Amino acid sequence: MTATTDVADVADVAVGAAGRAALLVLADGRFPAGGHAHSGGAEAAVKAGRVTDVPSLEAFCRGRLHTAGLAAAALAAAAAAGADPLELDEAADARTPSLALRAAARRLGRQMMRAARATWPSPALDTLASARPRGAHQPVVLGLAARAAGLGPLDAAYAAAYEAVSGPATAVVRLLSLDPFHATAVLARLAPELDVVAVAGAEAGRRASDEGLDVLPAPSAPLLDITAEQHAAWPVRLFAT
Amino acid sequence: MHLDHPTTYPHRHTYGAASPLRPDGTRRALRIGLGGPVGSGKTATVAALCRALREEVSIAVVTNDIYTREDAEFLLRQAVLPPERITAVETGACPHTAIRDDISANLEAVEDLEDGTGPLDLVLVESGGDNLTATFSKGLVDAQIFVIDVAGGDDIPRKGGPGVTTADLLVVNKTDLAPYVGADLAGMARDAKAQRGDLPVAFTSLAAEDGVAPVRDWVRERLAAWTATATAP
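Chains W and D, in that order, give the protein sequences.
For the first sequence, position 238 matches number 238 in the working numbering, and the numbering has no gaps at all.
Position in the second sequence (first residue = 1) + 241 = the working numbering.
Derived by calculation from the structure, the hints in this document are not laboratory data.
None of the values given here were measured: they were computed from a predicted structure.
Backbone N, C-alpha and C define an ideal beta-carbon position, used for all residues, glycine too.
There is no bait here: all hints are sound.
Residues from chain D that keep clear of chain W, each with C-beta distances beyond 10 Å, as calculated:
# : residue
1 : Ala392
2 : Ala449
3 : Glu450
Partial chain D-side listing against chain W, Cβ under 7 Å, derived:
# : residue
4 : Thr255
5 : Tyr308
6 : Asp343
7 : Ala346
If we strip away everything but chain W, and leave its shape as in the complex, we get (with noise of 0.2 Å):
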């Protein structure tokens, strides 16, 4: 395989059994797996004037699919392509600098392991389940619900990466009252963007089930770190990052 990809270069391990259905089953924004209770950063952002309207929407979603999504996508990629999931945990921890936003990946993880195991059981998520009770990394978990769920590694890197800008996007219009039909352009405006990350976390979790997981991509928003300390001490808030 070159190094440039695109989704044809990726369908040999896009293909699990299951097909398109069970896809929109996982990324289901109501898939109850604690996401609603989630800004993703942007709570801290609207307090701090930095999303105040439409574009800086746009703008904050854009970020965080290229740092944390892509790094989510690669995750998620790599646990659905078989990779260890514990040391797929280690590296997500790694690639995690912020304490707070750690506690929320695991505590999201554990979520979305009992909303798994109950929707797709499968001894790999029982293994993981037993191994990390307090809960691994939400990405890795996501991954192995997909695996599951007979999906693929692409498959999993796309929930992860449209949960990255679904889950602001919607707290944002809890947030600012703003037009859900704009929110909601806003998420269909970066859907090419999200085409490219989504492959180019499946193919770094491909890589990484064949080469070892230091391949995993390691993008940072150190904004996102920053803030989500800060809003981790706020004594009053909405959403819990």
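Once you have looked at the hints, place chain D on chain W.
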């Protein structure tokens, strides 16, 4: 003990309310949800229930605040239970989601309380103040109490809604305020009867001595029934 298979009983892993047993095979605590509009007295009812029952049964509380930990901190200040028995769940501006549509955080809180404090008899799950449509998922609780108050308008039982019509117990609180707000208690009782049929209604004034007694007695009955069912072969 390996009595089941995860495919057959996935609720053992979710800690859902479908199974009366914990994953280790022991009986889990009875879970009662308390919902209702903001300011109707849910937290005060929880506090009064804890004081009334804590000597006879082992209790823990999960609060679902709209913002952060206000209700949990009220209960802590009131010292109705030791701190390790009170947990706050954050709800992302949607309190009804956390008790109905996505109960994962609440299930986690219940599981951690039972794991952390040893065998419990009763877990009270208090919803964040919401509107008249708020109900608890059957996957989260075994029974639910809906708390309204006379000052919120004596037409609420007539208006109905899922909370008023389907809750296992409807509590009409602050009856001591009825004369001051012009609330017609007899009318509220008639309307509630029309909406709820044989489901019980308790009129309370928590300001009075032992004011929580009707709710406490109802909880005692549920506990007795729960213990009898959960220990039956």
